[in-house]
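Peer 1: With the hints as extra help, turn the sequences into a complete structure.
Just so we're aligned: 37 in the UniProt record's numbering is position 37 of the sequence shown, and the numbers increase by one with no gaps anywhere.
It cannot be assumed that every hint is accurate.
[Stated by the list, open to error] Derived lysine-lysine pairs resembling DSSO-like cross-links, with alpha carbons at most 27 angstroms apart:
{"hint": "1", "residue 1": "Lys2", "residue 2": "Lys47"}
{"hint": "2", "residue 1": "Lys96", "residue 2": "Lys195"}
{"hint": "3", "residue 1": "Lys47", "residue 2": "Lys96"}
{"hint": "4", "residue 1": "Lys2", "residue 2": "Lys36"}
{"hint": "5", "residue 1": "Lys36", "residue 2": "Lys46"}
{"hint": "6", "residue 1": "Lys46", "residue 2": "Lys68"}
{"hint": "7", "residue 1": "Lys96", "residue 2": "Lys245"}
{"hint": "8", "residue 1": "Lys36", "residue 2": "Lys71"}
{"hint": "9", "residue 1": "Lys46", "residue 2": "Lys2"}
{"hint": "10", "residue 1": "Lys33", "residue 2": "Lys47"}
{"hint": "11", "residue 1": "Lys46", "residue 2": "Lys96"}
{"hint": "12", "residue 1": "Lys36", "residue 2": "Lys68"}
{"hint": "13", "residue 1": "Lys71", "residue 2": "Lys2"}
{"hint": "14", "residue 1": "Lys245", "residue 2": "Lys227"}
{"hint": "15", "residue 1": "Lys197", "residue 2": "Lys245"}
{"hint": "16", "residue 1": "Lys2", "residue 2": "Lys33"}
{"hint": "17", "residue 1": "Lys46", "residue 2": "Lys71"}
{"hint": "18", "residue 1": "Lys2", "residue 2": "Lys96"}
{"hint": "19", "residue 1": "Lys229", "residue 2": "Lys245"}
{"hint": "20", "residue 1": "Lys68", "residue 2": "Lys96"}
{"hint": "21", "residue 1": "Lys33", "residue 2": "Lys71"}
{"hint": "22", "residue 1": "Lys33", "residue 2": "Lys46"}
{"hint": "23", "residue 1": "Lys197", "residue 2": "Lys96"}
{"hint": "24", "residue 1": "Lys47", "residue 2": "Lys36"}
{"hint": "25", "residue 1": "Lys47", "residue 2": "Lys71"}
{"hint": "26", "residue 1": "Lys71", "residue 2": "Lys96"}
{"hint": "27", "residue 1": "Lys47", "residue 2": "Lys68"}
{"hint": "28", "residue 1": "Lys197", "residue 2": "Lys229"}
{"hint": "29", "residue 1": "Lys227", "residue 2": "Lys197"}
FYI, nobody ran anything at the bench for these hints, they're computed from the structure.
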Amino acid sequence: MKTRLDQVLECYLNGREIAVWGSPTRLLLRTLKQYKFHIAEIVDPKKHYVVLVNEDDLCDFLIDEQSKHFKHVDDYLTFNDLGGELPFEWECFGVKIGRQTYFGEAVAGACQEGYIESIGQFTSINGTAEIAVDHQHNMTFVSDDIQNFFTDKNMDLFRNKYLADPKHPYATNKCRITIGSDVWIGAYSFINASKVKSIGDGAIIGAGAVVLEDVPPYAVVVGIPAKVKRYRYSPEMINTLLCVKWWDWTIEEINANADALISPEIFMARFGNC
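Peer 2: In structure tokens:
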């Protein structure tokens, strides 16, 4: 399975050598073993693609005079940023992620655990938001702690032999959520993937909300449990937005319609007959 870094380098390396900025971790070294790379001191965007080890190295790089010649993603990337936005569709542990979508480590972990089917384009998920399933503190096994043994020692056995059975009450393969495009998920919100199958396009989940049911397109949900507070737009405009699907536009189309994307009135005047 290709890593996030592999997918970026496939698009942007363009024959350059990789320059690592910072002290590489074992994981980074394993990821880069198929590439030619060196530890960076002096870098040139024509010759090097810079891989920053972590956020501290990113800060050091950005205050360095050399960085002004480098463009994010095109010329450099932070390795431990698991869910930063990319200008193309990519995969996080096999989960399709739309372009210009970002999330934090917890959601990346949910992708790895198999709780997410896909995440759309232009979706913003706060780094503190979580997606998990029921029975995290399990009461269906003979021992609650036995899952920790399998997690540490034999995770493949635990997942493939036991949790692959859809009839098992702790099965994870029946808990997969689809998150749409243009979604905003606030800080410290929690989505229960055992109960929620869909977060619709354009939905907003307020900070601290606990989501236990599907969220309709363009709904604003808040509270514990989360309930629909209102909708972002009128039914007519929501139907138009879902018909147009602006998030599927090319960059050129987005730039050409920038005035409509910041004005609901212009958007409806231009696309209301969709």
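Peer 1: Tell me, which hint numbers fail for this structure?
Peer 2: When the structure is compared with the hints, numbers 3, 11, 20 turn out to be violated.
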